[in-house]
Amino acid sequence: MVKYSYVGKDVPRLDAIEKVTGTALYTGDLRFPGMLHTKLLKSPYAHAKIKKIDTSEAEKLPGVRAVLTGEEAPYRFGIYMSDKTILAIDKVRHVGEPVVAVAADTEEIAEQAVELIKVEYEELPAVFDVRKAMEEGSPLVHENLSEYKHAPFVYPKPGKNIANHFKLRKGDVERGFREADVVIENEFYQPQVQNVQMETHTSIGQWLQNGQINVWTSAQSPFAVRHLLGVGLGVPLHRINVVVPYIGGGFGGKAGLHWEPLVVLLSKKAGGRPVKLVMTREEQFYTTAVRQGFYGRIKTGVKRDGKITAMEILYLWDAGAYADYGVNITRAAGYSCTGPYEIPNIKCDSITVYTNHPYGTAYRGFGHPEFHFATERQMDLVAREIGMDPVEFRLKNAAVPGRITATGEKLREDAGRVDECIKAVAEAIGWGKKEPKQVGGKLRGRGIAALWKAPAMPSFTSSSAILKLNEDGSVTLSISSTEMGQGTPTALAQIVAEELQMPIEKIKVVTKRETDFGPYSWQTVASRGLFMEGNATLDAAKNLKEQVKATAAELLGVPKEKLVVAEEKVFVPGQPDKSLPLASLATAGIFPDGRGIGGPVLGYGMYTAEGLTNLDPETGQGLPALMWTFGAQGAEVEVDPETGDVRVLKMASAFDIGKTINPTIVKGQIYGGIVQGIGSAFMEEFIFDQKGKLLNSNLTDYKICRAQDIPDEFVFIPIENPQLNAPHGARGVGEHPRISIEPAIANAIYDAVGVDLFEIPMSREKVWLGLKRKGERK
Amino acid sequence: MSRHKISLRVNGQRYELEVEANRTLLQTIREDLEMTGTKCACERGDCGLCTVMVDGVPTKSCLVLAVEADGKEITTIEGLMKGEELNPVQRAFIEHGAVQCGFCTPAFIVAATALLKRNPKPSEEEVKEAIGGILCRCTGYRQIIDAILDASKSGK
Amino acid sequence: MIPKFDYFRPKTTEELVDLLAKYGEDAKMFAGGTDLFVLMRDRLIRPKYVIDLKGIEELHEFSYDEKRGLRIGATVTLNELLESDVVKERFGVLWSAAGALADPTIRNRGTLVGNICNASPAADTAPALLVLDAEVEVAGKGGERTIPIRDFFIGVKRTSLKPEEFVKAVRIPNPPAGAKGGYYKWGRTRGEDLAVVGVAALVVNSGKRIVRVALSSVFKTPLRVPEVEKVFEEEGPLDEQIERAVSAVQEKIAPITDVRSSKEYRIHMAGVLTRRALKELFGGS
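Here the protein sequences come in this chain order: A, B and C. Position 564 of the first sequence, counted from 1, bears residue number 563 in numbering that gives the first Met the number 0, the numbering being contiguous throughout. Position 96 of the second sequence, counted from 1, bears residue number 95 in numbering that gives the first Met the number 0, the numbering being contiguous throughout. Position 230 of the third sequence, counted from 1, bears residue number 229 in numbering that gives the first Met the number 0, the numbering being contiguous throughout.
Bound-form chain A, shown alone:
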């Protein structure tokens, strides 16, 4: 057993004092001399031709400095599918899409100017349902799909509303169904929802006359913003500096590029003045990106002994008007499509569908919360059909080390154990115990759902870290993975402290991310930060030690190999005279006669995802997963049969996180993820009118959990089977707590009242309706 000094300890978050005193700065808190404010004219139609735009009155208004239309911004942006311009050109594709942007001295003037702009539209037939959008003759959302640039692993179907069709074929699915004793098919549905970060999308942009572009933005990934902005605008990257201060929540919705090009282009038109855009809450709902809607159909073949023989899966994703991120969610859900089980024969089609809804993007879990609702409900429905206990059924098919995943990957021995997670959760909720079902007219039930997820990213993404030794022996860690609440920088400081055996107080992690100075990191997404930045940071700390030892060896006249770095010193153990403080080596080592040696110590470290491959375009076979984090969720609920109210008495969660770096921060991720899941389980949903206008675009009408809505009890069971190529064995767990909440609760509701739910949210009304229909059937 390794004895840890800093890893595994409850080190307080590095950013905590700034945040509890209100001094932490977010993009919206920044102001610059001459700064202008942006307001948007947005489409009232879901699908319409733009016939004419008249901005003349707006331009005359005193204080208006720039009015920008789509024609003046003919650039397509995107990370996986460049299908979006920053303002609508020729036509609008969803209600709330920006058509004209105004930058003015004050928000008030900008808003007045927007009211003076006249746009003539010609309404076009619109499509809102993914299945209708797939039919022949459906209105086309993108006529020029064939012209859009996209990543090589994306397969659009020009002439149709399909932005990506991911195919997975393993074994022989027809044979699998023939071998089955029972075949069961079900359909599942989820509406679009929103990330609802407390900080709305906020950006400040400046395009100076010398060609330099400066951006301050609430983005998860500064280097992705720089890259996509540069490629989109055709500007060399060294001319772009992206700064990211603290972020008020991201949850995937601030990954990639969002509104940065708009403020930059407005600034250019306004002669280089900085331009700020703060999305209103309403715009956050219908103008910026949302989580895609989901339709799933699953057919499962199973033997009476509980072995699954085949799965045929169709996932349709309601990407809305633009599918940049949606195409990769489709792919990630496609290669993980079965959930954490070994299934010998699989046919899966996961399809990104354009509609005239607001456009989709990443949201914590990246498609996995959606499809796990389908797969984990289906597991219970199948188990019931063959009369098997749902826990036993899951264990029988569990993807444990050595078994083969949907893409043909043989799970490594240190891959983590879903079976241990399932067992731990079952025990925590008293699975199988006879307890009173009825308590004061209410009915109790228990449900379980398992899960898995790997970071969804291209096969070759990388991260780097710079560790600077300061003149007093303290160190400064520079990384470009952002701090949006998840706490990774604190965990990285613990990793540095452990590696250098140095007090945590002597370690600083830079708080601001800036592409001009910071080391490269692909993105802060996908629960990859701790693993990838962690490995890069370890590498940087080792590199720093090497540099220190090389100089110290010369100064002390000892072989480098004998030296150890700890307690802010470099020394030979057991030889008190062979020791130097790190501080004495920071800028250069000094011989007794005054000669200098070495130089400023700057540790560099990097990590590139190892062993991943492209997936076969026809079969989806290959190696997509850097690490799988496995888990299970258990719910104990109490249903009021009269009202449909469901109270969550207990949520028990287990994740194989390999190694806990900071228990309090991990718990925060678990509780927070669960409560977001409870929001979508019970209350969150986009409700549209027939014309595609969002009816609940504020936080009065669109509910998220408040303090009273949380479970009565949380139980978290960390499982720690270390992954050998991870820093101290630790896997990511940022997204996972948010996955499989909905199916665990739905399975518990069935256990309590015998009502099967196939749609979320499982609102009080929908549970009541289910009970009513069940009563009528009797």
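Any given hint could turn out to be false.
If you want a taste of the chain B side facing chain A, the calculated C-beta under 8 Å gives, among others [as the list claims (entries may be wrong)]: (1) Tyr14; (2) Leu16; (3) Thr75; (4) Ile76; (5) Gly131.
Hints were generated in silico from the structure; no laboratory data involved. Glycine residues also receive a C-beta, built at the ideal position from the N, C-alpha and C atoms.
Fit chains B and C to the known structure of chain A by using the hints.
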């Protein structure tokens, strides 16, 4: 539009300002006084991130006009430290991991500080009620509630 | 951002009367602003003049008289009501409704009079005032008048106030001796929400049974259901009467479907809450 001279105290300091009628107290705090710890996230009283104390009473400052604050004593997150010392709620938030992205943190700390002044030993239900008007998307509230209960135990 | 307007803060009711006479329909009054500023910010209304009532001392009067009952001035906040022992002990239905409205931070600003002047069908305090037979004291250029609360609400967000009139106070007579009451609110969630349905009930169970029921969010206005009262005018088994009361409520209401609930669920829940309210209020005596 009418303009109004107001005089108010914020975190113990006196300010004399002239504000337009439609300026909210939140805008005045953030933009005129440049105290940005108080956040804006919905502008319509749903999220509570703009909570400040007005004469000691927690108030959503996006729904208060600046002109109404004339003669009032305002306390924001910037005014809660006692000299160099964090207040007990701030300390408990750090200890319990009640802080994640931090965007809602000032509002919860202001509301909790006001609660403990009025009700030094609240029950869990009373804590939930007192913070029920403030939204957090990161923490799931559990660690926030625990922090407030713990701060109440540690007393002043 | 709230659109531009001129702000007035009169010090006397006379000044207020003059302002309203001058600006009438272009003016809006507020005390807490928790409804008004949201409507303005959402651009649903754009008054040119906004009048702050908090400068008028007399509108903050909050008094209780053994004979005449409670009088709640226009600028008395909901939390001030909630802190009153008299309200809690003798006007339990109002106390429970005030405590169910929004969240405590909003209630520090929001007022009872504001809640009824906003006249949302979902107004939480309105059903309580309806079962308490409250009266609204109104003043304006034409002098003063009293509007019984049952005549105050005339449509969605519409009251019988004339543009140049304002509400001075709400007067609530003492409830019948031995009365108990409560407001039973149903939202989409456990946390703060607007009412899917709210039921205010007032019950006297000593000697002759007296029952009054009024609801929110099930009609174009807050609605009292006199048919329920008739059910209890004759003697009969309690359970049977309660079921008849439930039917009377469900027949009378005419809810709509909106983002919070379908019409059907509202009808169902109006019944459930009425039954629960009456059982609890009768059972506890």
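For each hint, the structure was consulted:
Because the closest C-beta pair between Tyr14 of chain B and chain A is about 17 Å apart, greater than 8 Å, the hint is violated. Annotation: interface hint on Leu16 of chain B violated; nearest CB of chain A at approximately 17 Å, more than 8 Å. Residue-level restraint check for Thr75 of chain B holds (minimum Cβ-Cβ distance to chain A is 7 Å; threshold 8 Å). About 3 Å separates the beta-carbon of Ile76 of chain B from the nearest beta-carbon of chain A, less than 8 Å, and the hint is met.
For Gly131 of chain B, the interface hint holds, the least distance from its beta-carbon to any beta-carbon of chain A being 5 Å, beneath 8 Å.
When held up to the earlier numbered hints, the structure conflicts with 1, 2 and fits the remainder.
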